[in-house]
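Asks: The residues making up each chain are set out below.
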Amino acid sequence: MSSRIPLPYSPKVLELFRNPRNLGPLEDADVVEMAGSPACGDMIKLYLKIAHMEDGDYIEKASFESYGCAANIATASIMTELIIGKRLEDAWRISWKDVSNELGGLPPIKYHCSILAVGALKRGIRSYYRRLGIQPGWLPKDLTIEEKQVIEEEKLMERYYRSMASLDANQG
Amino acid sequence: MSGRVRELLRFHGNPPKEVYYDIENSGFVPKEVIDVMLPYFNSIGYGHPAITHKPGWEALEAIYEAKEALARTIGNVDPEEIIFTHSGTESNNLAILGYALRNRARRGKIVVSSIEHLSVVFPAQHASELLGFKAVLVPVDDNGLIDPEVFKAYVDRETVLVSIQLVNHEIGTIQRLRELVDIAKDVNPDIVFHTDAADAYGWVQVDVKKLNVDMMTISSHKIHGPRGVGALYVRSGIELESPLKGQLSVERLWPGVENIPLIAGFKKAVEITFNGFDSRIDYVRRLRDKLIKGITSTVPHTLVNGPLNEYRVANNANISFLFVEGEALTIELSLNGIYVSSGSACSSRVLEPSHVLLAIGRKHEEAHGSILFKLTRYHKEEDVDYTLEVLPKAVERLRAVSPWKP
Ligand SMILES: Cc1ncc(COP(=O)(O)O)c(C=O)c1O
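Heads up: the protein sequence lines correspond to chains A and B, in order. Per the working numbering: the first sequence ends with 172, consecutive numbering throughout. Per the working numbering: the second sequence ends with 406, consecutive numbering throughout.
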């Protein structure tokens, strides 16, 4: 197989892999967002139910589905736990590092799992306000690190398959 | 460091039943092999085999006996044509880099297949980057077979070295090697042909004379010998320069003191392997067929990777479970006592799935869901039954979690 790497997952990762919290689609979701792809080897679908309150928009419910390794399932699960009950403005400030720390740290090769989960969240929050036609002051115009990384990962695969297709075309 | 893994293992616990299928990456050593090794740690042959005292001569005798045993199994070659190294990886490095170093003034083209083990691919690339050779990868078809017509186009007057494995380690393809050797030697009889037989040895007949190969790699832990010892057959007359420099001992081409207990264990594993060769293979093939059939008939959306005919070696089952990621599946199975590996990117150092699966035309998402099983004479029917009971549930649980649906 390809070159191997040791993956000493924390017990927390295994625990959440085995018993994920907030798993499955939300019927009444206001936000449904995807990041990653099957070709990348990891993909997350995030569901958020938003409640409007006087002091801001709150994440009333959050859930996920995940295709990917154990770390991918665990990061998505723990992130939903972190954001439920938070204002979108506060959820926005959660970084991939926060999510990783919450799991007792991820092996570096798995940082991208946490990036993917947070990337999906930020994408979701952005598209929520875009749909409402609102640009809150706290929401930056520029893409965050996590959003950029996710796009990069998705593009990498697209490029790979485009180059394969052109190879095939040349041979055929 | 260790605290973390200790915690992980405590959480994991010991499943009530355990079935180990990951012979590709290493395996247990049976008691009969350990029993042969133990005396060499402290009662006999613990000396240096190139020093003039009794424990040294005992060590030397153990090396000679092991070479003779190995030599008999690959076509009664001269035992002096066998070199012990400390792994299959080292044997492949010695074959390719050893050849390239020795012939660096001449240079030329090194041809390897696109599904070789990385211990062949990387040394070939290294020879091309550092020593001025040109490394080329021959493509394979959907089954991992090299088309002789395609091969002809890759081997030319510039070619000096070819390395093509006899059996692929991931998808079990048995290459039509003799045909490829003939093509190469037809182009130029001086082309040196190496084959990595790490996964062929013990599973198909390997007679270096019948195959007409010049060098051949064997690895001990692929046949339930101890890990950390390998052999390279080098036909007399082939000149190599060792990439490893240091004090020579018995081996001219591999400096450092030989590891006698491991060599003695390797020899014992060789003897066990060749005792009842055909009946063992029939037994393993039957279990393997039951496993593949059981999986593909109970789990929907699977793909068997590699040939489904006489070109598949008896011990190999490699199956992609679509809509599931392989690393997650290895962990889910491990928690249930079934130990396998995956060609998924998530378990690799670079985030790329198995180059072998990509080379036979599998898409990334198909490779990500691949699981490799290798069966041995130590598996029992009930092990396969248990696997067939656990596996469908494991796949189902992970598919239920996934947003990627059929
Ligand atoms: C085909 C092949 N060649 C070489 C090797 C390397 O052998 P070792 O593990 O002894 O270094 C392996 C082991 O995985 C293999 O499968």
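Just to be clear, a hint being listed does not mean it is correct.
To be verified - In silico BS3-like links for lysine-lysine, alpha-carbon gap of 30 Å or less:
id	chain 1	residue 1	chain 2	residue 2
1	A	Lys12	B	Lys17
2	B	Lys363	A	Lys148
3	A	Lys61	A	Lys49
4	A	Lys61	B	Lys363
5	B	Lys363	B	Lys393
6	A	Lys155	B	Lys405
7	B	Lys363	A	Lys155
Said to hold, decoys possible - Listed next, with one range per pair, are the computed distances between beta-carbon atoms:
id	chain 1	residue 1	chain 2	residue 2	range
8	A	Glu158	B	Lys134	28 to 34 Å
9	B	Ala105	A	Asp98	54 to 60 Å
10	A	Leu143	B	Glu239	54 to 60 Å
11	B	Arg285	A	Tyr161	56 to 62 Å
12	A	Asn19	B	Thr298	40 to 46 Å
13	A	Arg162	B	Lys134	23 to 29 Å
14	B	Gln247	A	Tyr161	48 to 54 Å
15	B	Lys245	A	Leu143	50 to 56 Å
16	A	Asp98	B	Ser279	43 to 49 Å
17	B	Glu179	A	Tyr161	42 to 48 Å
18	B	Lys405	A	Tyr161	19 to 25 Å
19	B	Ile34	A	Glu27	45 to 51 Å
Stated by the list, open to error - Only part of the chain A face toward chain B is listed, based on derived beta-carbon distances under 10 Å:
id	residue
20	Leu7
21	Val13
22	Cys40
23	Asp42
24	Gly56
25	Tyr58
26	Tyr67
27	Ala70
28	Ala71
29	Asn101
30	Gly104
31	Tyr129
Hints in this document: simulated from the structure, not taken from any laboratory. Note that the structure is a prediction, hence the values are computed from the model and not measured. We put the beta carbon where it would ideally sit given N, CA and C, even for glycine.
Asks: Now, for every hint given, state plainly whether the structure supports it.
Replies: Hints versus structure:
{"no.": "1", "hint": "Lys12(A) with Lys17(B)", "in the structure": "24 Å, holds"}
{"no.": "2", "hint": "Lys363(B) with Lys148(A)", "in the structure": "25 Å, holds"}
{"no.": "3", "hint": "Lys61(A) with Lys49(A)", "in the structure": "5 Å, holds"}
{"no.": "4", "hint": "Lys61(A) with Lys363(B)", "in the structure": "36 Å, violated"}
{"no.": "5", "hint": "Lys363(B) with Lys393(B)", "in the structure": "25 Å, holds"}
{"no.": "6", "hint": "Lys155(A) with Lys405(B)", "in the structure": "21 Å, holds"}
{"no.": "7", "hint": "Lys363(B) with Lys155(A)", "in the structure": "16 Å, holds"}
{"no.": "8", "hint": "Glu158(A) with Lys134(B): 28 to 34 Å", "in the structure": "32 Å, holds"}
{"no.": "9", "hint": "Ala105(B) with Asp98(A): 54 to 60 Å", "in the structure": "58 Å, holds"}
{"no.": "10", "hint": "Leu143(A) with Glu239(B): 54 to 60 Å", "in the structure": "59 Å, holds"}
{"no.": "11", "hint": "Arg285(B) with Tyr161(A): 56 to 62 Å", "in the structure": "37 Å, violated"}
{"no.": "12", "hint": "Asn19(A) with Thr298(B): 40 to 46 Å", "in the structure": "25 Å, violated"}
{"no.": "13", "hint": "Arg162(A) with Lys134(B): 23 to 29 Å", "in the structure": "28 Å, holds"}
{"no.": "14", "hint": "Gln247(B) with Tyr161(A): 48 to 54 Å", "in the structure": "52 Å, holds"}
{"no.": "15", "hint": "Lys245(B) with Leu143(A): 50 to 56 Å", "in the structure": "52 Å, holds"}
{"no.": "16", "hint": "Asp98(A) with Ser279(B): 43 to 49 Å", "in the structure": "59 Å, violated"}
{"no.": "17", "hint": "Glu179(B) with Tyr161(A): 42 to 48 Å", "in the structure": "34 Å, violated"}
{"no.": "18", "hint": "Lys405(B) with Tyr161(A): 19 to 25 Å", "in the structure": "21 Å, holds"}
{"no.": "19", "hint": "Ile34(B) with Glu27(A): 45 to 51 Å", "in the structure": "59 Å, violated"}
{"no.": "20", "hint": "Leu7", "in the structure": "7 Å, holds"}
{"no.": "21", "hint": "Val13", "in the structure": "9 Å, holds"}
{"no.": "22", "hint": "Cys40", "in the structure": "8 Å, holds"}
{"no.": "23", "hint": "Asp42", "in the structure": "7 Å, holds"}
{"no.": "24", "hint": "Gly56", "in the structure": "28 Å, violated"}
{"no.": "25", "hint": "Tyr58", "in the structure": "24 Å, violated"}
{"no.": "26", "hint": "Tyr67", "in the structure": "4 Å, holds"}
{"no.": "27", "hint": "Ala70", "in the structure": "5 Å, holds"}
{"no.": "28", "hint": "Ala71", "in the structure": "8 Å, holds"}
{"no.": "29", "hint": "Asn101", "in the structure": "15 Å, violated"}
{"no.": "30", "hint": "Gly104", "in the structure": "8 Å, holds"}
{"no.": "31", "hint": "Tyr129", "in the structure": "23 Å, violated"}
In summary, the numbered hints that this structure violates are 4, 11, 12, 16, 17, 19, 24, 25, 29 and 31.
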